[in-house]
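Chains as they are written, first to last, in the numbering used here: chain A, 12 to 128; chain B, 476 to 590.
Mixed in with the good hints there might be a few duds.
Unchecked claim - Cross-link-like lysine-lysine pairs, in silico, DSBU-like; alpha carbons within 30 Å at most: (1) B:K529 with B:K553; (2) B:K490 with B:K529; (3) B:K490 with B:K553; (4) A:K84 with A:K66; (5) A:K66 with A:K81; (6) B:K529 with B:K516; (7) A:K81 with B:K553; (8) B:K516 with B:K553; (9) B:K553 with B:K519; (10) B:K526 with B:K553; (11) B:K516 with B:K490; (12) B:K519 with A:K89; (13) B:K490 with B:K519; (14) B:K529 with B:K519; (15) B:K490 with A:K84; (16) A:K81 with B:K519; (17) A:K89 with B:K526; (18) A:K66 with A:K89; (19) B:K519 with A:K66; (20) A:K84 with B:K553.
If you are wondering where the hints come from, they were derived from the structure by calculation, not from laboratory data.
For clarity, every value in this text was computed on a predicted model and none was experimentally measured.
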Amino acid sequence: AQTVTQSQPEMSVQEAETVTLSCTYDTSESDYYLFWYKQPPSRQMILVIRQEAYKQQNATENRFSVNFQKAAKSFSLKISDSQLGDAAMYFCAYRTPLGEGAQKLVFGQGTRLTINP
Amino acid sequence: EAGVTQFPSHSVIEKGQTVTLRCDPISGHDNLYWYRRVMGKEIKFLLHFVKESKQDESGMPNNRFLAERTGGTYSTLKVQPAELEDSGVYFCASSQGEAEHSPLHFGNGTRLTVT
């Protein structure tokens, strides 16, 4: 079974600086999807960024980018120019593309990110 | 469009009592998912509906949990009788098509505390 590990329960960063959240996963599959979700306090969880394992190019979405290291099974999220609105719980997630379990997300434990003004 | 709505936002019950959580997906979304996050741990999949049918309920912890989606619209998740270890945040999500092609939309979650 696949597992996702986020080793940083909490992180903090100064506003306007850059922060990197770590995520590692374990799988025997060669094709899969990886995600970062964000849940602000008392609000809905939303998708931040998505990466297909077959793509070598790292995904980017504005100030959010990933460092996808397939061989190392690492999928870190970099937030540049941190803003107060980035404060949230961040979850890394994995999904099998096809077959049994394809509709499930496997999540990590989450990292609480605090932005210091 | 209205997002995924979950009710109640918080529930505090005593061990042995019954609680029913409700999820209203985005209108037209056939796929509905329940997830749960026990305090400080990872979010875990509970089950997946396609319309009114249970597509995958492999994550349901035991027979004290009963999920329904009559008519393929809103869904309920009943816990009876509740135990202390059931405390956590219960998330609902919906998508229009299968997860591969359609993003998941999550609700705010229901925080359940069993005392």
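Status of the hints after comparison with the structure:
no.	hint	in the structure
1	B:K529 with B:K553	holds, 15 Å
2	B:K490 with B:K529	holds, 28 Å
3	B:K490 with B:K553	holds, 14 Å
4	A:K84 with A:K66	holds, 14 Å
5	A:K66 with A:K81	holds, 10 Å
6	B:K529 with B:K516	holds, 25 Å
7	A:K81 with B:K553	violated, 40 Å
8	B:K516 with B:K553	holds, 22 Å
9	B:K553 with B:K519	holds, 17 Å
10	B:K526 with B:K553	holds, 18 Å
11	B:K516 with B:K490	holds, 21 Å
12	B:K519 with A:K89	holds, 25 Å
13	B:K490 with B:K519	holds, 22 Å
14	B:K529 with B:K519	holds, 17 Å
15	B:K490 with A:K84	violated, 41 Å
16	A:K81 with B:K519	holds, 24 Å
17	A:K89 with B:K526	violated, 37 Å
18	A:K66 with A:K89	holds, 18 Å
19	B:K519 with A:K66	holds, 27 Å
20	A:K84 with B:K553	violated, 37 Å
Comparing the model with each numbered hint stated earlier shows that hints 7, 15, 17, 20 do not hold.
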